[in-house]
Amino acid sequence: MRKYFLILAAALMFCGGAVGQAAPAKPAPEVAIGLTKEQRQKNVESFETAWKTVRDAHYDPTLGGVDWQRVHDELRPSIEKAESMEEARKVMQEMLGRLGHSHVGIIPSEFYTEPPGQQAEPGFDVRIVDGEAVVVRVSPVLPAAKAGVKPGWRIRKIDGEDLAPSLARIQKAVKKAPDALFAQTRMIQWRLRGEEGKDIAVTFLNDSGKETTLSISRAQPLGNLVQQVGLTPLRVHFEARKLDNDIVYFALSDFLDPVRVMPAFGNTVKKNLKSEGFIIDLRGNGGGLPEMAQGMGGWFIDQPNMKLGTSIFRTTKIHSRLNPREAYYDGPVAILVDELSGSTSEIFAGGMQDIKRARIFGTRTAGACLPSLFVKLPNGDRMQYVVADYVSASGKRLEGNGVEPDEVVPVDPQALLDGRDPAMDAAVKWIRSQRGDTAQK
Amino acid sequence: MKSFLFCSVLVFGLAFGVGSPLRAQELPKAEAILDKETEAVGGKAIADKVKTAAVKAKVAVQDLKLDLLVQVGPTKYYKALTLDGVGTEEIVVSGEAVWKKNSITGAEFLEGDERAMILRDVAEFTTLIQPGEWRQRFKEAKCVAEETVDGKPAYKVELTTKDGATKINHYDKESGLLIQSETTIETPEGKVKQVEHYSDFRKVDGVVHAFKARIVGGPVDLVVTIDQIEYNVDLPEERFVLPAELKKQK
Chain U
2 MRKYFLILAA
12 ALMFCGGAVG
22 QAAPAKPAPE
32 VAIGLTKEQR
42 QKNVESFETA
52 WKTVRDAHYD
62 PTLGGVDWQR
72 VHDELRPSIE
82 KAESMEEARK
92 VMQEMLGRLG
102 HSHVGIIPSE
112 FYTEPPGQQA
122 EPGFDVRIVD
132 GEAVVVRVSP
142 VLPAAKAGVK
152 PGWRIRKIDG
162 EDLAPSLARI
172 QKAVKKAPDA
182 LFAQTRMIQW
192 RLRGEEGKDI
202 AVTFLNDSGK
212 ETTLSISRAQ
222 PLGNLVQQVG
232 LTPLRVHFEA
242 RKLDNDIVYF
252 ALSDFLDPVR
262 VMPAFGNTVK
272 KNLKSEGFII
282 DLRGNGGGLP
292 EMAQGMGGWF
302 IDQPNMKLGT
312 SIFRTTKIHS
322 RLNPREAYYD
332 GPVAILVDEL
342 SGSTSEIFAG
352 GMQDIKRARI
362 FGTRTAGACL
372 PSLFVKLPNG
382 DRMQYVVADY
392 VSASGKRLEG
402 NGVEPDEVVP
412 VDPQALLDGR
422 DPAMDAAVKW
432 IRSQRGDTAQ
442 K
Chain B
57 MKSFLFCSVL
67 VFGLAFGVGS
77 PLRAQELPKA
87 EAILDKETEA
97 VGGKAIADKV
107 KTAAVKAKVA
117 VQDLKLDLLV
127 QVGPTKYYKA
137 LTLDGVGTEE
147 IVVSGEAVWK
157 KNSITGAEFL
167 EGDERAMILR
177 DVAEFTTLIQ
187 PGEWRQRFKE
197 AKCVAEETVD
207 GKPAYKVELT
217 TKDGATKINH
227 YDKESGLLIQ
237 SETTIETPEG
247 KVKQVEHYSD
257 FRKVDGVVHA
267 FKARIVGGPV
277 DLVVTIDQIE
287 YNVDLPEERF
297 VLPAELKKQK
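Residue numbers (this note's numbering), protein chains in the order written: chain U, 2 to 442; chain B, 57 to 306.
Hint data in this document are derived by calculation from the structure and do not stem from the laboratory. Heads up, a few of these hints could be off.
Said to hold, decoys possible - Just a sample of chain B residues kept apart from chain U, beta carbon distances all over 12 Å, derived:
#  : residue
1  : G98
2  : E164
3  : E180
4  : E189
5  : V200
6  : A201
7  : G207
8  : S231
9  : T281
10 : D283
11 : V289
12 : E294
13 : P299
As the list claims (entries may be wrong) - Covered by chain B, per the in silico footprint, the following chain U stretches (three or more residues, Cβ under 8 Å):
#  : segment
14 : 152-166
15 : 290-299
Claimed, not checked - In silico lysine to any residue, SDA-like type, Cα no more than 20 Å apart, as pairs:
#  : chain 1 : residue 1 : chain 2 : residue 2
16 : U       : K308      : B       : T216
17 : U       : K272      : B       : A300
18 : U       : K308      : B       : T204
19 : B       : K195      : B       : T216
20 : B       : K303      : U       : Y329
21 : B       : K249      : B       : E294
22 : U       : K318      : B       : D206
23 : U       : K318      : B       : E167
Think of the CB as a built atom: it goes at the ideal place given N, C-alpha and C, for glycine as much as any other residue.
If we strip away everything but chain B, and leave its shape as in the complex, we get:
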């Protein structure tokens, strides 16, 4: 199951009670849980067949509605978040170059923490075309508990990404699907826990995706609803061309 980080402009994280741990019993190995997820998602169905993917979604937060588009290919990533009446922010990864183009502030290369965060986002979205490749994203995984999440028994797995960030994922004990993911992120108001809840699982070309994600963190509670997931879409080349103002800086 793919987890999504949708918005680049949010305060996040609400420490979420996930229910009391169940009676201690022998826990499965994290590798088995993650491999079960791969199988449940059906990733092998599209292995080697999918080169690109596109996700169109709506993001709702309070009375705001934003449009989200994500397109991903082997060495390409494009994300556009549009707020009607305000503008669009695009994040692009093309080869080694990572930049942001905002319809209000212009274009800039992303460096340091911002670049690292985007590359983590890219790794998440890349699972759309490489589902099941968890070993490429995480260097450590440990099952630490069995808990109840949204009324369902789930395995709690602590994961460490290749760049050292920690995620806590909960996988549905029965289906194997990822139903909750928790990270701690830096915000201007301090470290905040961000929890993402996944639901409305559907199959697209043999692969199971969550079509709804609720992201809760701090004062923010938003819902991402996917309208469409497509595979092997054309990725317009012009989107991945360095903007003129950034070419001047190279």
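So here's chain U without its partners, still in its complex pose:
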């Protein structure tokens, strides 16, 4: 059967518009405030397209027990009454939300044409530790570093608004702890982003234990701007360097931009076949093209017929096969992950762990791992929808569960203040312990 390019965060699929013929929509009522008659009609058609697509393409015909017709009948009046695009999207999001899993959503059309300058950021990354937002990384070349922000600092306010109540609200609203961490972190990241050159005021608890408010400019994140099929434009950053002269470190922000990333990764492996070890840093990597995980994994095996896992569709299965590459690195491989490592990051980490070709360090991953596609809706928005379930090579389902590291290394604010990276340190220590031992522990 035909092999597909499937991506989890976004789909490399050549999907045409509506699936089949949607039921003829009732004529839209007369124009209300905010939307033209045509826009209302398109929104109703989009609702029907979205509903039918899920009904026909979801890997589980029973949709996990959701009465999909009932959902349709309940929400159809709402889409007809929607008086703005925001309202219409909310209705469709509500419909998709009833499925209760990741990788579904409505992406507004304007997200695909928004000028890149709107995604500028101050230049530091955060994670939630014991209910507080902690700076875990500061990019040395972006405004936050120049402003004096340091890893280990805690964020108290953004633009004068206390963060604690927002974090608490999310904690209360989101049932599962890993999902809450994910949602809390994303909320902070979104609030920090904005127009390039425009300052944002962030109040920190600094390394002296004092509150300090810094006005930090925003700049374009590092990386190359790419727009992969179905996804909005975003910057993909990767870095390859040596640690202590003999351990290779490769960090990747997203499994995207294969034209640049795959040759760079392959060349990094080929040039370092004798290195002491390999560390692949996927912390914060939300996913992308699963083929890239397959391609990267192939450098660390020398036999065919191995796989990272299996996508389970309605009537068939596709294995994420690993193809041995022209060179083979046979030394120890460590993969760093955290709660924002999702989707293809989980395919890679979980699969390499299962075939005992890598040891995983950090914290449990996001548990958001379902093959999905994108389809353009009649109103110009896009819908992401799930077409398969996914299990790792050992048969473990990753959606909702994530990848449990072999060594759990939580974020340690004091270690960060001391200039250390505990997960990285643990990986290096393990690699050193493998010297002379070819077996993966």
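Given chain U, work out where chain B should sit, using these hints.
The following block gives chain B in isolation, referenced to the frame of chain U:
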């Protein structure tokens, strides 16, 4: 007329209404229809003269544009599909070896159903250098109806390939050319009907080809537009050499 299977990464097939059958009348034999197609295509014009062929085309699906290159020789087949910014997938048949090389995932031998599908594809493309050799591709052919396709009267012929797959072809009653082809293929979302519509027929070195194909199946509706068909092109030897990583596996 050659039918093309262009993409290796598609969901396909929309059950297509092809119009109501016309009033029953005596139908010609399938062999006569297929031989008429051979004549209409002008295959005999290049018989024995053509050893290789190359097709360059563009594939458009939604807002995606891919480049397609197919090169075929007596025992060689090469297909490359490139999506700008993502990568290239190459399928190669060289003698008995069939492999795929993907710029992201690497190279692998193709076996089982995947290999069979590629070999069927090869048989289709081989008609570029052996037009009219339908008897080599199909073991059974039967004309079952006269129908209207895209507004034109056409003969509906059910064909069985040498490996047992079924195709339903429609041949223009007047010109004899193949204007529609339907197969059922396996996709992750189940069996899907894929229908290919051929148009924009032009002559290249005396042989008629469709320069446009619309392929519809499931949620996918794509258009293949041929930019160029060339005969007796050099097939770069390096393309048909087994990649180093596959040599290690032999």
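Results of checking the hints against the structure:
1. G98: holds (32 Å)
2. E164: Non-interface label on E164/B violated, nearest chain U Cβ at 5 Å vs cutoff 12 Å.
3. E180: Answer for E180/B: holds, closest chain U Cβ roughly 15 Å.
4. E189: Label holds. Min Cβ-Cβ 26 Å, cutoff 12 Å.
5. V200: Answer for V200/B: holds, closest chain U Cβ roughly 26 Å.
6. A201: Fine: 24 Å to the nearest Cβ keeps A201/B off the interface.
7. G207: holds (21 Å)
8. S231: holds (29 Å)
9. T281: About 15 Å separates T281/B from the closest Cβ of chain U, which puts it past 12 Å; holds.
10. D283: holds (19 Å)
11. V289: holds (27 Å)
12. E294: holds (15 Å)
13. P299: Violated, since 7 Å does not exceed 12 Å.
14. 152-166: violated (count 0)
15. 290-299: This one holds; 6 residues, not fewer than the three required, reach chain B with a Cβ under 8 Å.
16. K308/U with T216/B: The hint is violated at about 35 Å.
17. K272/U with A300/B: Between K272/U and A300/B the Cα gap is close to 18 Å, so the pair holds against 20 Å.
18. K308/U with T204/B: Cα-Cα ~48 Å, so violated.
19. K195/B with T216/B: Since the Cα atoms of K195/B and T216/B sit roughly 6 Å apart, the hinted pair holds (cutoff 20 Å).
20. K303/B with Y329/U: Holds, at roughly 14 Å.
21. K249/B with E294/B: violated (36 Å)
22. K318/U with D206/B: Not OK: K318/U and D206/B at ~36 Å, beyond 20 Å, violated.
23. K318/U with E167/B: holds (16 Å)
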